[in-house]
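J.: In order, the protein sequences belong to chains G and H.
Take the first sequence: its letters are residues 1 to 415, numbered as in our numbering.
Take the second sequence: its letters are residues 416 to 691, numbered as in our numbering.
A hint or two may mislead.
Label pairs and their computed distance ranges (CB to CB) [stated by the list, open to error]:
1. G/Ala290 <-> H/Gln604: 26 to 36 Å
2. G/Leu407 <-> H/Pro563: 17 to 27 Å
3. H/Asp669 <-> G/Gly278: 54 to 64 Å
4. G/Asp413 <-> H/Lys649: 50 to 60 Å
5. G/Ser366 <-> H/Lys649: 15 to 25 Å
6. H/Leu636 <-> G/Lys138: 23 to 33 Å
7. H/Leu636 <-> G/Ala122: 36 to 46 Å
8. H/Asn469 <-> G/Trp343: 40 to 50 Å
9. H/Ala670 <-> G/Asp376: 13 to 23 Å
10. G/Glu291 <-> H/Ala670: 26 to 36 Å
Derived lysine-lysine pairs resembling DSS-like cross-links, with alpha carbons at most 27 Å apart [said to hold, decoys possible]:
11. H/Lys634 <-> G/Lys369
12. H/Lys631 <-> G/Lys369
13. H/Lys488 <-> G/Lys369
14. H/Lys640 <-> G/Lys383
15. H/Lys649 <-> G/Lys383
16. G/Lys138 <-> H/Lys677
17. G/Lys43 <-> H/Lys634
18. G/Lys43 <-> G/Lys383
19. H/Lys677 <-> G/Lys369
20. G/Lys383 <-> H/Lys631
21. G/Lys403 <-> H/Lys637
22. G/Lys408 <-> H/Lys677
23. G/Lys383 <-> H/Lys637
Hint data in this document are derived by calculation from the structure and do not stem from the laboratory.
Where a beta carbon is used, it is the ideal one built from N, C-alpha and C, also for glycine.
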Amino acid sequence: MSTTRRRDPRAERILRNRLHPLHLTLQLQHSGVAEWLGPNGVKRRNPHLVGFIGPNGVRRIDRSGAQSAASQTQVHVTEQDTRRTVQLDHPDHYITVIPDMTGGRLSAADKDLLGLAQRLAAEKPNTAVLVVVFGESKETQLGEAGADRVLTVADPLFQQYSPEQRLAWLLALEQALQPDYWLLPDSGLGGGDLGRRLAVALNVRAATGLWQVNLDGDMPTCVCRAAAATQDLLRDLPRVLLALPECAEPVSETRHEALELDIPVSPAAVNPAIEDLGAVAVDPASVALAEAEFILSGGNGVRDWPGFHQAARVLGATEGASRVAVDDGFMPRDRQVGATGTWVTARVYLAVGISGAIQHLQGIQSCEKVISINTDPGCDMVKRADLAVIGDAAAILQALTEKVGQLKQEVRDVA
Amino acid sequence: MLPDSTARIAVLLSVGQHPLTARPRRADQDARALELALQLPGVEVLPVHAGELNDQNETALRSYLGMGASALKLLPAAEGEDVLPLLQQGLRDLQPDLVLCGKRAEHGESSGLMPYLLAQSLGWPVISGLVEIERLEAGHATVLQALPRGQRRRLRVTLPAVLAMDDAAPAARQSAFGPARRGVLEVEQMVAVAEQGLANLNNLSVLNWQFQPARKRPKRLKIIKATSARDRFKAAAAKAESSGGQVLQGLTPDAAAETILKMLREEGVMNSTHGD
Numbered sequence: 001m002s003t004t005r006r007r008d009p010r011a012e013r014i015l016r017n018r019l020h021p022l023h024l025t026l027q028l029q030h031s032g033v034a035e036w037l038g039p040n041g042v043k044r045r046n047p048h049l050v051g052f053i054g055p056n057g058v059r060r061i062d063r064s065g066a067q068s069a070a071s072q073t074q075v076h077v078t079e080q081d082t083r084r085t086v087q088l089d090h091p092d093h094y095i096t097v098i099p100d101m102t103g104g105r106l107s108a109a110d111k112d113l114l115g116l117a118q119r120l121a122a123e124k125p126n127t128a129v130l131v132v133v134f135g136e137s138k139e140t141q142l143g144e145a146g147a148d149r150v151l152t153v154a155d156p157l158f159q160q161y162s163p164e165q166r167l168a169w170l171l172a173l174e175q176a177l178q179p180d181y182w183l184l185p186d187s188g189l190g191g192g193d194l195g196r197r198l199a200v201a202l203n204v205r206a207a208t209g210l211w212q213v214n215l216d217g218d219m220p221t222c223v224c225r226a227a228a229a230t231q232d233l234l235r236d237l238p239r240v241l242l243a244l245p246e247c248a249e250p251v252s253e254t255r256h257e258a259l260e261l262d263i264p265v266s267p268a269a270v271n272p273a274i275e276d277l278g279a280v281a282v283d284p285a286s287v288a289l290a291e292a293e294f295i296l297s298g299g300n301g302v303r304d305w306p307g308f309h310q311a312a313r314v315l316g317a318t319e320g321a322s323r324v325a326v327d328d329g330f331m332p333r334d335r336q337v338g339a340t341g342t343w344v345t346a347r348v349y350l351a352v353g354i355s356g357a358i359q360h361l362q363g364i365q366s367c368e369k370v371i372s373i374n375t376d377p378g379c380d381m382v383k384r385a386d387l388a389v390i391g392d393a394a395a396i397l398q399a400l401t402e403k404v405g406q407l408k409q410e411v412r413d414v415a
Numbered sequence: 416m417l418p419d420s421t422a423r424i425a426v427l428l429s430v431g432q433h434p435l436t437a438r439p440r441r442a443d444q445d446a447r448a449l450e451l452a453l454q455l456p457g458v459e460v461l462p463v464h465a466g467e468l469n470d471q472n473e474t475a476l477r478s479y480l481g482m483g484a485s486a487l488k489l490l491p492a493a494e495g496e497d498v499l500p501l502l503q504q505g506l507r508d509l510q511p512d513l514v515l516c517g518k519r520a521e522h523g524e525s526s527g528l529m530p531y532l533l534a535q536s537l538g539w540p541v542i543s544g545l546v547e548i549e550r551l552e553a554g555h556a557t558v559l560q561a562l563p564r565g566q567r568r569r570l571r572v573t574l575p576a577v578l579a580m581d582d583a584a585p586a587a588r589q590s591a592f593g594p595a596r597r598g599v600l601e602v603e604q605m606v607a608v609a610e611q612g613l614a615n616l617n618n619l620s621v622l623n624w625q626f627q628p629a630r631k632r633p634k635r636l637k638i639i640k641a642t643s644a645r646d647r648f649k650a651a652a653a654k655a656e657s658s659g660g661q662v663l664q665g666l667t668p669d670a671a672a673e674t675i676l677k678m679l680r681e682e683g684v685m686n687s688t689h690g691d
């Protein structure tokens, strides 16, 4: 078909003339199209067709283009991924990142660390960021977070505390790749511990508590927290970096391949001096609310408080409460979650009968997974929740308690 | 307990710094380490300090003596000198079964590398984040390690070992004035090591490092990458929107409990099922 634009002067004339007998039929053919290209390639629009008639009979215009896109069938507007895809076929240099992967996923601090790694990688061409994952990983967004290569060491041993074996792997990597930098989060026991072991083994004076990297000058420098966070230390940039959260912006403009590393790595055998005997059962009630990992929180919708306490005990969850429950005297004040109480950082927050006041939602901002049991499907907590169950809180909690009790019984029978 | 002899526990003590007044004081984590050692029954506690002895430091060091230790071994070092060779030599002489210390110092670089460096130079294992020593046997110790979020992990380590204390360890007792005055600071001269220490270029003044008062870290701004005014406004006036979570309606309590339980197990917070 010819691409030349053909005018139809007769149709145009009829469309302009509202008194013409064929005007309505022709307009019907054009109706629904608010915008079209004119004969000279100029965009024409019919303002009478822009927008839609709102519920009060008033014409509303939606500037996001969602409405007109819906009415125009031929123009399909999709959310375009503007991120650049970065591919490295044969990287010459490597920067190794060992994220903590708490719960098998990248934390916000891990993503910042990957952002820092990509910043360092941009300094030298053909440099790949290698992410080493010990143990099982549930993360599917490693490429989006900035990993060019991934080395997954999925030995069940690495689910436990095994710093010596991990160090053996890292030293084998050092042998095989000679990475330019080693980046680890300076967290209490994950990267903080392993990174210090690595630095000592590599004989590098590691930058600890690093929070800023300057790459502008001829020599890269960094700023670290020193003297129990009362001083800043300006120093050169060593090979081993233990970085604090928010040390750099996470990767947002590029996508990376996250290919499995194709270079064989064989760690030396170690005779471990440290043996992990497993986690110790800690009374969840003794854990401070602000640092509890799993919180069962009750609100106005809870009628059966003994059942609630029983569920918390069986699930091994720390108890929290909304302000209403505290004001009504069902829970002590120090258990109140929210902007006016405690800002919690739980990984899993199970909210029972809480509708989700804005103060409460602020308090659970940093929770990763929120589960809600509520009777009202329209409340804010249900909107925030990753899993919302609509139903009677008491019955569901009781069923949950019974199921967990059965599970425990089975474990005991097997053991 | 060791069957034939009592266990010897060296406690490395440093001079701390008060977070507000910046006066010398006993370092918090080191005091916790000494507290832990003093509470173990039937062990020999050997407090060690490597560093300068002057008027200000003496009060801080004596406050460790006020906790119940009768004497403190002092390995003199000049200001800014690397104390690692001194400690290494001192510990070789002492022959302890365990070395307890704080996780990081309260002034200087405070990198927390000291326990690791010491353990490597002695060839011993190192454990960080210690809160409790549960059992001491011949050649082994069973200890508790603090995990984030108030959790604990039990570890078994071969002795001798270096153990670094966590902030979550039991708080140190008060220091009593009388015992602090009566306690002895035994200064030990180590000539051979001192020369070696001077040759060591790990001296802070050698490196071109600058210390300055801690700057407040900039607060991260929310980056909004919106193309239209409407998107920018929406991002600025964000309200709780559906996060794309699952909403389950009309389930029986049993089925609902099953779904919740599935998610809890996926997240791995139900590990305590195995304990209890």
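J.: Does each hint fit the structure? Answer for all of them.
T.: Verification of the hints:
{"no.": "1", "hint": "G/Ala290 <-> H/Gln604: 26 to 36 Å", "in the structure": "49 Å, violated"}
{"no.": "2", "hint": "G/Leu407 <-> H/Pro563: 17 to 27 Å", "in the structure": "26 Å, holds"}
{"no.": "3", "hint": "H/Asp669 <-> G/Gly278: 54 to 64 Å", "in the structure": "32 Å, violated"}
{"no.": "4", "hint": "G/Asp413 <-> H/Lys649: 50 to 60 Å", "in the structure": "55 Å, holds"}
{"no.": "5", "hint": "G/Ser366 <-> H/Lys649: 15 to 25 Å", "in the structure": "23 Å, holds"}
{"no.": "6", "hint": "H/Leu636 <-> G/Lys138: 23 to 33 Å", "in the structure": "30 Å, holds"}
{"no.": "7", "hint": "H/Leu636 <-> G/Ala122: 36 to 46 Å", "in the structure": "22 Å, violated"}
{"no.": "8", "hint": "H/Asn469 <-> G/Trp343: 40 to 50 Å", "in the structure": "43 Å, holds"}
{"no.": "9", "hint": "H/Ala670 <-> G/Asp376: 13 to 23 Å", "in the structure": "20 Å, holds"}
{"no.": "10", "hint": "G/Glu291 <-> H/Ala670: 26 to 36 Å", "in the structure": "33 Å, holds"}
{"no.": "11", "hint": "H/Lys634 <-> G/Lys369", "in the structure": "25 Å, holds"}
{"no.": "12", "hint": "H/Lys631 <-> G/Lys369", "in the structure": "31 Å, violated"}
{"no.": "13", "hint": "H/Lys488 <-> G/Lys369", "in the structure": "52 Å, violated"}
{"no.": "14", "hint": "H/Lys640 <-> G/Lys383", "in the structure": "24 Å, holds"}
{"no.": "15", "hint": "H/Lys649 <-> G/Lys383", "in the structure": "17 Å, holds"}
{"no.": "16", "hint": "G/Lys138 <-> H/Lys677", "in the structure": "15 Å, holds"}
{"no.": "17", "hint": "G/Lys43 <-> H/Lys634", "in the structure": "45 Å, violated"}
{"no.": "18", "hint": "G/Lys43 <-> G/Lys383", "in the structure": "41 Å, violated"}
{"no.": "19", "hint": "H/Lys677 <-> G/Lys369", "in the structure": "13 Å, holds"}
{"no.": "20", "hint": "G/Lys383 <-> H/Lys631", "in the structure": "35 Å, violated"}
{"no.": "21", "hint": "G/Lys403 <-> H/Lys637", "in the structure": "42 Å, violated"}
{"no.": "22", "hint": "G/Lys408 <-> H/Lys677", "in the structure": "15 Å, holds"}
{"no.": "23", "hint": "G/Lys383 <-> H/Lys637", "in the structure": "22 Å, holds"}
The structure is inconsistent with the numbered hints 1, 3, 7, 12, 13, 17, 18, 20 and 21, although it conforms to all the rest.
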